[in-house]
Amino acid sequence: QKEVEQNSGPLSVPEGAIASLNCTYSDRGSQSFFWYRQYSGKSPELIMSIYSNGDKEDGRFTAQLNKASQYVSLLIRDSQPSDSATYLCAVNWNNDMRFGAGTRLTVKP
Amino acid sequence: DTAVSQTPKYLVTQMGNDKSIKCEQNLGHDTMYWYKQDSKKFLKIMFSYNNKELIINETVPNRFSPKSPDKAHLNLHINSLELGDSAVYFCASRRDVRETQYFGPGTRLLVL
Numbered sequence: 002q003k004e005v006e007q008n009s010g011p012l013s014v015p016e017g018a019i020a021s022l023n024c025t026y027s028d029r030g031s032q033s034f035f036w037y038r039q040y041s042g043k044s045p046e047l048i049m050s051i052y053s054n055g056d057k058e059d060g061r062f063t064a065q066l067n068k069a070s071q072y073v074s075l076l077i078r079d080s081q082p083s084d085s086a087t088y089l090c091a092v093n094w095n096n097d098m099r100f101g102a103g104t105r106l107t108v109k110p
Numbered sequence: 013d014t015a016v017s018q019t020p021k022y023l024v025t026q027m028g029n030d031k032s033i034k035c036e037q038n039l040g041h042d043t044m045y046w047y048k049q050d051s052k053k054f055l056k057i058m059f060s061y062n063n064k065e066l067i068i069n070e071t072v073p074n075r076f077s078p079k080s081p082d083k084a085h086l087n088l089h090i091n092s093l094e095l096g097d098s099a100v101y102f103c104a105s106r107r108d109v110r111e112t113q114y115f116g117p118g119t120r121l122l123v124l
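As they're listed, the protein sequences go chains A and B. In terms of this note's numbering, the first sequence opens at residue 2 and continues consecutively. In terms of this note's numbering, the second sequence opens at residue 13 and continues consecutively.
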């Protein structure tokens, strides 16, 4: 059974703080990893993709992957109220993409 | 230009009815998906098609039947609708396994 687990939250951080989102997955054969952001009433949109162990940075976002621990995380630096959304972790096995339950993040001004 | 489009955006219907949701992508992608997102926001894969062939068929009631007339279209037909079918249904597509999926705007289905 391919499973993706996320802390469901909700997670609340003050504006300007670092938000840390975590995700674990069950299948060691997984190949690629994605973080999506979903605003209420909207469709998921890609924030970051990561394929190999280590860190990947894009602006205020950093994705971290540890395949040995089957763990992927997303850090959001200098959090803004506009970052308030549900963040979905997605893990890919061939053509099969599985999503975690999502973590709801609220950034308070 | 809309990359992945779905029709209708909203669908309100009675229990027992049959309905269809259509999805089209103009990205030239080979793989398309249907996901169901329930009220708790959990996004669950239902079906995946690659070049018009079914490759993933999760534990979904057989009242749900996908149809792919060509690789740009993946439609979802639902027979004998039940209250528990109420959810947002997302269509998505992607080019290959390493790339992200592009999602449609979603179809909000309410079964009364």
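Watch out, some of these pointers could steer you wrong.
Covered stretches of chain B, as calculated for chain A (at least 3 residues, CB under 8 angstroms) [to be verified]:
1) 19-33
2) 39-53
Here are the simulated SDA-like cross-link-like pairs (lysine to any residue), alpha carbons at most 25 angstroms apart as the crow flies [to be verified]:
3) LYS53/B x ARG99/A
4) LYS43/A x PHE54/B
5) LYS68/A x ALA102/A
6) LYS34/B x SER17/B
7) LYS68/A x ILE19/A
8) LYS34/B x LYS68/A
9) LYS43/A x GLU65/B
By construction, these hints were calculated from the structure, which means they are not laboratory data. Quick reminder that beta carbons are idealized off the backbone N, C-alpha and C, glycines included.
Hints versus structure:
With a threshold of 8 angstroms between beta carbons, the proposed coverage of the segment 19-33 of chain B by chain A is violated, since 0 of its residues qualify and at least three are required. Residues of the segment 39-53 of chain B lying with their CB closer than 8 angstroms to a CB of chain A number 5, which satisfies the three-residue condition for coverage. This hinted pair checks out: LYS53/B and ARG99/A have alpha carbons roughly 14 angstroms apart, not beyond 25 angstroms. With a CA separation close to 14 angstroms, the supplied pair LYS43/A and PHE54/B stays within the 25 angstroms bound.
Between LYS68/A and ALA102/A the CA atoms are separated by roughly 20 angstroms; this keeps the pair inside 25 angstroms, and the hint holds. For the hint pairing LYS34/B with SER17/B, the CA-to-CA distance comes to about 8 angstroms; that is within 25 angstroms, so the pair holds. Proximity of LYS68/A to ILE19/A is assessed by CA-CA distance (about 23 angstroms); at most 25 angstroms being required, the pair is judged to hold. A threshold of 25 angstroms between alpha carbons decides the hint, and for LYS34/B with LYS68/A the separation of about 37 angstroms lies outside it, so the pair is violated.
This hinted pair does not check out: LYS43/A and GLU65/B have alpha carbons roughly 29 angstroms apart, beyond 25 angstroms.
Hint violations for this structure: numbers 1, 8, 9, all remaining hints satisfied.
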